[in-house]
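Undergrad: Please take these sequences and the hints and turn them into a complete structure.
Listed here are the chains, written in short residue letters.
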Amino acid sequence: MKIGLYVCTCGTNITATVDAGKVIDELTAQFPESYAAQVEFICAAEGKEFLKDHLIANRPDRVVVAACSPREYESTFMQILAEAGINPYYLQMVNIREQVAWVTPDPAQATRKATTAIRAAMMRVRYQEPLEKIEQEANGDVLVIGAGPAGLQSALFLAEAGRKVVLVEKTPVIGGMPVLYEELFPTMECGPCLLEPFEAQVLHGDSAHNIELLLLSEVTGVTGYYGNFTATIKQAPRFVGTTCIGCGMCVEACPASAANEFNCGMDEKKAIAMPFLGALPNLPYIDPGSCLRSLGQDCQLCLDACPMPGAVDLEDPGRIVERKVGAIILAIGSKLYDCSKVNGLGYGEIPGVYTSLEFERLASSNGPTAGEIKIPGGSSPASVAIVHCVGSLDPQHQQYCSGICCEYAFKFNRVLEHKLPGTKIHHFYKEMVTAGKSDFVMYEHARKNPDAGFIRYREIEEIQISASASGQKIAYRREDNTVDSIATDMVILCPAMVGSGDAAKLGDMMDLTRGEAGFFDELNGRLHTAQSKVKGIYLAGTCQAPMDIAQATSQAMAAAGYVLSGLAAGKKLVIEPISAFVDEERCSGCRICGGVCPYKAITFKDDTHTSSVNALLCHGCGTCVAACPAGAIQGNHFTNKQILAEIEAILQ
Amino acid sequence: MTAQAMTNVGTPVSESFEPKIVGFLCNWCSYAGADKAGSSQTPYPPNVAVIRVMCSGRVDPQFILDAFHKGADGVMILACHPGDCHYKEGNQRAVQRYRILLGLLEQFGIEKERCKFDYVSAGEGEKFVRVITEMVDTVKGLGPLTLPVRAY
Ligand code: FES
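Going down the list, the protein sequences come from chains A and B. Numbering of the first sequence is given in our numbering, commencing with residue 43 and proceeding in unit increments. Numbering of the second sequence is given in our numbering, commencing with residue 93 and proceeding in unit increments.
Keep in mind that the hints were calculated from the coordinates and are not lab data. Watch out, some of these pointers could steer you wrong.
Unchecked claim - Covered by chain A, per the in silico footprint, the following chain B stretches (three or more residues, Cβ under 8 Å):
#1 135-143
#2 148-161
#3 198-207
#4 225-237
To be verified - Label pairs and their calculated CB-CB ranges:
#5 A:THR272 / B:THR238: 58 to 66 Å
#6 A:THR272 / B:GLU203: 50 to 58 Å
#7 A:THR650 / B:THR230: 42 to 50 Å
#8 B:PRO174 / A:SER607: 29 to 37 Å
#9 A:GLU364 / B:THR230: 57 to 65 Å
Beta carbons: idealized from backbone N, C-alpha and C, even for Gly.
TA: Structure (structure tokens):
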């Protein structure tokens, strides 16, 4: 076999210690059919030109380039092989610069080390096989799960680019959490004002025809892989069809009601109702949990009251649909840490102690009190405590800072100041975080409020809230170790953000891992936060980490960007040939490989009782190859034969 | 059995003993760490010959046994730090296999110090130099590997 060996001198970087002539003499003696050439700078334009021409003239069976690190130049030289008409996987690079010349001052030692390394490459390269990239058709449609700001942003962006999007939302309404907030930091813009136009685009805009919106829906199964996923979606019945004009006569007629989840259970809503005032789409829905029909009664007052024939359909069975997509964007959001887990704060026990979300609803004009901030009993609070960092920065609870709580805490300060001038506000905080170019505005405003006070505590356990005749008593220890207490009428707790309850189920379904707090793991915390660890599944918004609306929508664009660049029209998916494959003849069906594969790339075929690797999902790590007790799996380009040849050459 | 291995048998440990060590380096961290050591031009002993694998999870225990069988005095597996593996958890598998293999090596009469697993990140050029230097010293101290029965 004719191996073409090219030794780069790298100016004198390599040859200052490595005697290239000696290396070449020794190796051409050992591999007599091969030839060798010295090149001064093989990575320079002339060097590459030389290499290409030389390859064309000499037509070697395999090529070894001894130069610098393959991490830097392997792909360059592979490209040159391809241009010279040689399969690029016939190349082996040897790093005799960083790993030999630069670290071995003694010329004799350096020459010996270089010879050994090149010999290993020459032995190995003989077993290298011609590999080809495989192309596969891919579906350009996208499944977006969650219709909050992040999900809407991705869906709209993709739809505008002409992609078909299936947008799945589990509630009967779109807009996510912020649409429930009267005002948003840092500009005090109203939540619905920001989001409603955006929602309208998704529902009725120029690209809306590209979006299939499935409300009251849940993804119950996902099979397949990047480019070719199949999702099963279960849509619960709404009992109200699109002919509804949103007049609300059914709601008036309905005799049943139950706790209103959109107001955190602080009031009730009818069994048939709009989710909340201004909810989009502007359609009521029936909550089967409270509807008298599901309790066995023969009520149809809503149907009788409806002026639009067919708008109320009490026999709506719901449906299960299957959609084929090439990629999935998860935008399922997050939830608040359970404040009742933090001792001493009295959440869930002491009247007038609210979470931030509950306060948002109390302050909203479409909330339970029509925007009047009231305490149990109906009066307005004269003294309010806002407790920051609840369950955050705390090894007992969550160790991180969610990064948005201080912001909205100061927003609450402004809301209170505006709606109830003169109200005393006490900010209890562990740390104060208001990063970003405009977010300090909220803080400055709070600092200037003459009725606001700031108390820094050390540990949340050193705040003890108890019920008093008029409201609450808060006993606390300051950071300087002094103790004190105040009387309040209302307490607002600002808890850590944690992963959504649905994350576990969806994560298991798609083989996505989650961290302790329940957020999905990203591929890389700095470079690829919008990409999950599974190819073709992307993350947008707070299901990946705590973040604000600005960050969530940016990440949504990033997720959509991955789809647009990876699954472009007319572009096939390229399957890298460095992957594993199973020799079915030798496979004993033990399934060990499937258990060690980090990418669920290995499936078990029941008919043949053997495992097989999906090359599209395989990342080529070789863990299964090392694990297979039957030696039935081959790792392309890193085969046992190739590696054993290297070992043998090194130890000659 | 290689000629080199034969001459090792019964050879008295001399000052000039230069061990042969095979180092399996994962492409993403440890190999890059070795490059980093190179870029900073920090010298270290030349005794470790590197075999690049995509992930430490690819290192089949058979390779290690084969290396000892063919005359290696030591074997190293260098991986990404826990949690940093480019393929999520290949390094976990590697370390699990390594631990099992250590027990086996002792049965073969190979001191477990001759086989080393460590984590070297892409930024840890200095650590790479340290780990290599220590390993070379350790194996020099142990002397050439002599296997009573070179068969497995
Ligand atoms: S890639 Fe480095 S250990 Fe897996």
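Undergrad: Indicate, hint by hint, whether the structure satisfies it.
TA: Tested hints:
Interface restraint, the segment 135-143 of chain B with chain A: holds (6 residues with C-beta to C-beta distance below 8 Å; minimum three). Check result for the segment 148-161 of chain B against chain A: holds, 9 residues qualifying (beta carbon to beta carbon below 8 Å, three or more required). Counting residues of the segment 198-207 of chain B whose CB falls under 8 Å from any CB of chain A gives 0; the rule of at least 3 is not met. A stretch counts as covered by a chain when three or more of its residues have a beta carbon under 8 Å from one of that chain; for the segment 225-237 of chain B and chain A the count is 0, and the coverage is violated.
Range check, A:THR272 to B:THR238: Cβ separation about 60 Å, and the 58 to 66 Å hint holds. The given range of 50 to 58 Å is respected by A:THR272 and B:GLU203, whose C-beta atoms sit roughly 54 Å from each other. A beta carbon spacing of about 48 Å between A:THR650 and B:THR230 agrees with the range 42 to 50 Å that was offered as a hint. Against the hinted window of 29 to 37 Å, the Cβ-Cβ separation of B:PRO174 and A:SER607 comes to about 32 Å, which satisfies the hint.
At about 60 Å, the beta-carbon gap between A:GLU364 and B:THR230 stays in the expected band of 57 to 65 Å.
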